[in-house]
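Asker: Sequence:
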Amino acid sequence: MDDSYQVIVVGGGFAGKAAAEELGRKGVRVLLLDANSYQQFQPLLYQVAASQIGVSTVTRPLRAEFRGINSVRVLTAEVTAIDAANRTVTTADGSTYRAQALVIATGAVPNFFNTPGADEHAYPLYSVADATRLSAAITAILDEADREPGAGADVIVVGGGPTGVETAGALAENVKYLVPKYFSPELADRCHVHLVDMVPNVLAAFSEKSQAYARDRLTKLGVQLHMGQPVADVRPDGVTLKDGTVIPARVVVWAGGLQAGRIITESGLKQGRGGRVDVQPDLSVPDVEGVYVLGDSANITDAAGNKLPQLGSVAQQSGKWAARNIYADLTGGVREPFRYWDKGYMAMVGRGAAVAELGRRRLQLQGPLAFVSWLAVHLALLPGFQQKVRALFSWANGYVTHSPSQVVVGRPD
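For the sequence shown, UniProt numbering gives the first residue as 1, with consecutive numbering after it.
Simulated from the structure, these hints should not be mistaken for laboratory data.
We put the beta carbon where it would ideally sit given N, CA and C, even for glycine.
Where hints are given, some of them may not hold.
[Stated by the list, open to error] Within a straight-line C-alpha distance of at most 30 Å, the following computed DSS-like cross-link-like pairs (lysine-lysine) qualify: (1) K209 <-> K343; (2) K209 <-> K176; (3) K388 <-> K176; (4) K242 <-> K209; (5) K220 <-> K242; (6) K220 <-> K209; (7) K320 <-> K26; (8) K388 <-> K343; (9) K270 <-> K307; (10) K220 <-> K181; (11) K388 <-> K26; (12) K320 <-> K343; (13) K209 <-> K307; (14) K242 <-> K26; (15) K220 <-> K343; (16) K343 <-> K307; (17) K388 <-> K320; (18) K320 <-> K307; (19) K307 <-> K181.
[Stated by the list, open to error] Restraint ranges, calculated between C-beta atoms of paired labels, are given here: (20) G228 <-> S207: 16 to 22 Å; (21) H402 <-> D302: 38 to 44 Å; (22) P236 <-> G367: 37 to 43 Å; (23) G150 <-> N114: 33 to 39 Å; (24) G228 <-> R273: 20 to 26 Å; (25) G228 <-> F385: 42 to 48 Å; (26) R361 <-> E336: 20 to 26 Å; (27) G272 <-> M198: 20 to 26 Å; (28) E289 <-> M227: 44 to 50 Å; (29) G244 <-> D119: 18 to 24 Å; (30) Y399 <-> A81: 45 to 51 Å; (31) F385 <-> V246: 44 to 50 Å; (32) D189 <-> R25: 51 to 57 Å.
Let the sequences and hints guide you as you build the complete structure.
Answerer: See below:
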């Protein structure tokens with residue numbers, strides 16, 4: 001089997017898939033490598049963890065994505081080494097593949113910021129496996145608390161950004177609506193959701209108005225906020241804050257940040273903030289010909305030189321733009337610096353509530369209108385028609401009945 005390609009793309013997330021798709025439609029011979037056979041829609045993983053939607057809603061086989069693009073070969077394989085200088089990758093079975101251009105879009109891993117116990121005892125939320133493991137753990141502690149009179153089932157969410165806020169809001173709604181129905185009102189009274197972050201306000205990247213709305217909404221849902229204090233350590237039975245406050249809990253969810261993974265660390269490429277690669281304006285790696293780093297693996301700047309956030313829209317747009325520059329490389333064209341279309345930020349804060357700051361001018365929406373906007377954007381971004389239908393049904397069913405269709409999960413590890 002031929003091991004040489006025009007382009008190799010490592011990683012089938014937003015950035016990698018977009019790059020491979022753009023190149024494939026131009027007839028470029030592409031090898032797309034990913035350890036999973038599917039693409040996962042990370043913005044909705046917290047809903048999988050909260051049993052609001054199923055795994056099949058947030059995943060779609062990569063081969064289904066590229067079924068009509070014959071020049072793209074999808075290979076399910078774990079990449080164990082990258083030689084950026086020679087533009088080769090090696091997989092776990094010892095196979096080596098080479099290309100004229102190499103795209104590295106391997107995503108990221110949780111950043112525990114060297115917090116003692118976090119790696120051992122906290123539940124990250126970055127992959128489908130993370131989401132199903134967390135869902136199973138929450139179901140397990142509820143079952144245990146139901147058998148033990150007086151026992152609680154508190155959950156701590158570390159991180160006040162969009163992922164943390166959305167996760168805390170979804171879990172608090174479960175305590176408010178589902179635990180009384182599936183277990184008992186008495187158990188619901190013994191369950192609490194805590195949100196912890198070292199910064200003083202939730203959603204630090206948003207406006208003060210959006211922060212205030214989110215904070216008020218979370219409080220009404222019953223989320224106990226512990227802002228302005230970093231976590232000093234994580235234990236099996238809770239966390240200790242830097243000021244000495246001890247918060248007991250059966251489960252600790254880590255939504256406190258991301259960093260580049262092992263592939264980037266061991267690639268020999270120069271790393272910047274978060275272990276990510278500082279790429280040039282055209283998304284290529286400085287001083288390494290024919291290598292591009294995208295998505296959560298890269299520190300990408302806009303036209304003004306400002307670092308862009310680790311968002312799905314940044315990853316997706318960078319994938320398409322890098323593909324155009326690679327095609328220019330292959331055909332004798334000229335690369336162009338990346339121009340990001342800023343769509344803004346949004347976060348759901350429970351049933352019928354969200355905050356959205358749209359576009360570069362940050363048109364601010366709060367409440368039901370922001371909630372509808374959030375639904376529309378995420379529905380449009382979901383891969384595949386079936387995934388969109390499943391999401392729409394699950395959201396409608398949960399909104400009307402407070403009885404999500406996804407309540408069966410596996411056993412915890």
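Asker: Per the hint of 44 to 50 Å, is the separation of the Cβ atoms of E289 and M227 within bounds?
Answerer: holds, 47 Å
Asker: When you check the alpha-carbon spacing of K270 and K307, does it fall within 30 Å?
Answerer: holds, 17 Å
Asker: Holds or violated: 42 to 48 Å for the Cβ distance of G228 and F385?
Answerer: holds, 45 Å
Asker: Quickly compare the C-alpha distance for K220 and K181 to 30 Å and report which way the hint goes.
Answerer: holds, 20 Å
Asker: Holds or violated: K220 with K242, Cα cutoff 30 Å?
Answerer: The hint holds at about 26 Å.
Asker: Against the range 51 to 57 Å, how does the distance between the Cβ atoms of D189 and R25 compare: consistent or not?
Answerer: Between D189 and R25, where Cβ atoms are some 56 Å apart, the hint holds.
Asker: Does K26 lie within 30 Å of K388 when you go C-alpha to C-alpha?
Answerer: It holds: about 27 Å lies between the C-alpha atoms, which stays within 30 Å.
Asker: Given the hinted pair K343 and K307, is their alpha-carbon gap at most 30 Å?
Answerer: The hint holds at about 15 Å.
Asker: Going straight from one Cα to the other, do K209 and K307 come out at no more than 30 Å?
Answerer: holds, 24 Å
Asker: Should the hint that R361 and E336 are 20 to 26 Å apart at their CB atoms be regarded as holding?
Answerer: holds, 25 Å
Asker: Does the Cβ pair P236, G367 satisfy 37 to 43 Å?
Answerer: holds, 39 Å
Asker: Starting from the hint 20 to 26 Å, judge whether the C-beta atoms of G272 and M198 obey it.
Answerer: holds, 22 Å
In this structure, the earlier hints numbered 14, 19 are contradicted, and the remaining ones agree with it.
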